[in-house]
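Novice: Sequence:
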Amino acid sequence: MRVEIWFDFNKDSLEVINNFNNAFERFKFASDIDVLFRSLPKVEKNFKYHELFQYGRKKGFKHAYLCDVFKVYNACGEMMNALDGLSKIYPLNMEDLKHSLDKHQSLKIVKNQMEHAALQKIEVAPTLTFTHGFRLVGLSTIAEIEATLIKMYEKDSGIKYCIEEDCER
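First residue of the sequence shown: 40, per the working numbering; consecutive thereafter.
Don't take every hint at face value.
Cβ-Cβ distance ranges computed for the label pairs, FRET-style [what the hints assert, rightly or not]:
no., residue 1, residue 2, range
1, His138, Ile202, 20 to 26 Å
2, Gly177, His143, 38 to 44 Å
3, Lys98, Lys199, 37 to 43 Å
4, Asp141, Glu193, 17 to 23 Å
5, Glu117, Ala186, 48 to 54 Å
6, Val163, Asn120, 27 to 33 Å
7, Ile202, Thr170, 17 to 23 Å
8, Glu193, Glu117, 44 to 50 Å
Derived from the structure by calculation, the hints contain no laboratory data. Ideal Cβ positions, reconstructed from N, Cα and C, are used throughout, including at glycine.
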């Protein structure tokens, strides 16, 4: 099973990412789900933050790194100064990272993801897409995300989701 979180650097995307994390932590079969974060910048100024995220994603950093890139974005300061803070948390080669950002080496990934979003008719950031065609568009609550995770699981497994001890299988 797979969940793709299409996001931009905005308040709603950050809230949905945090809500998803809360729902995901409580979901009994979370280990069976691949979670992918997909760039969907809606304004030009956000491209550099998506490039920063995609650079780290290629290095294997996931949710926590994305949240820290959101902190850099929300600080509204000079991005290059904020990178030093990231390098204290993550094993980043600062010279390589700065070169990658200067040369827009991760921009192809961002644009490719934007093309995939267009093909799937995803226009709103945030949007969550789930295996079996389930989709949540815009601001989604923890309860909505949990309900959709359960629907996806039930469709995939063919059995009712149950976390009680006396579940019938």
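Novice: It remains to establish, for every hint, whether it holds in the given structure.
Specialist: Here is how each hint holds up against the structure:
Between His138 and Ile202 the Cβ separation comes to about 48 Å, which falls outside the hinted range of 20 to 26 Å. For Gly177 and His143, the Cβ-Cβ distance of about 29 Å falls outside the hinted range of 38 to 44 Å, so the restraint is violated. The hint said 37 to 43 Å for the Cβ distance between Lys98 and Lys199, and at roughly 40 Å that hint holds. Between Asp141 and Glu193 the Cβ separation comes to about 48 Å, which falls outside the hinted range of 17 to 23 Å.
Between Glu117 and Ala186 the beta carbons are some 42 Å apart, a value that contradicts the proposed interval 48 to 54 Å. For the hinted restraint 27 to 33 Å between Val163 and Asn120, the CB-CB distance of approximately 32 Å keeps it satisfied. The hinted range of 17 to 23 Å is satisfied by Ile202 and Thr170, whose Cβ atoms lie roughly 20 Å apart. At about 48 Å, the CB distance of Glu193 to Glu117 agrees with the hint of 44 to 50 Å.
The structure does not agree with the numbered hints 1, 2, 4 and 5 stated previously, though it agrees with the rest.
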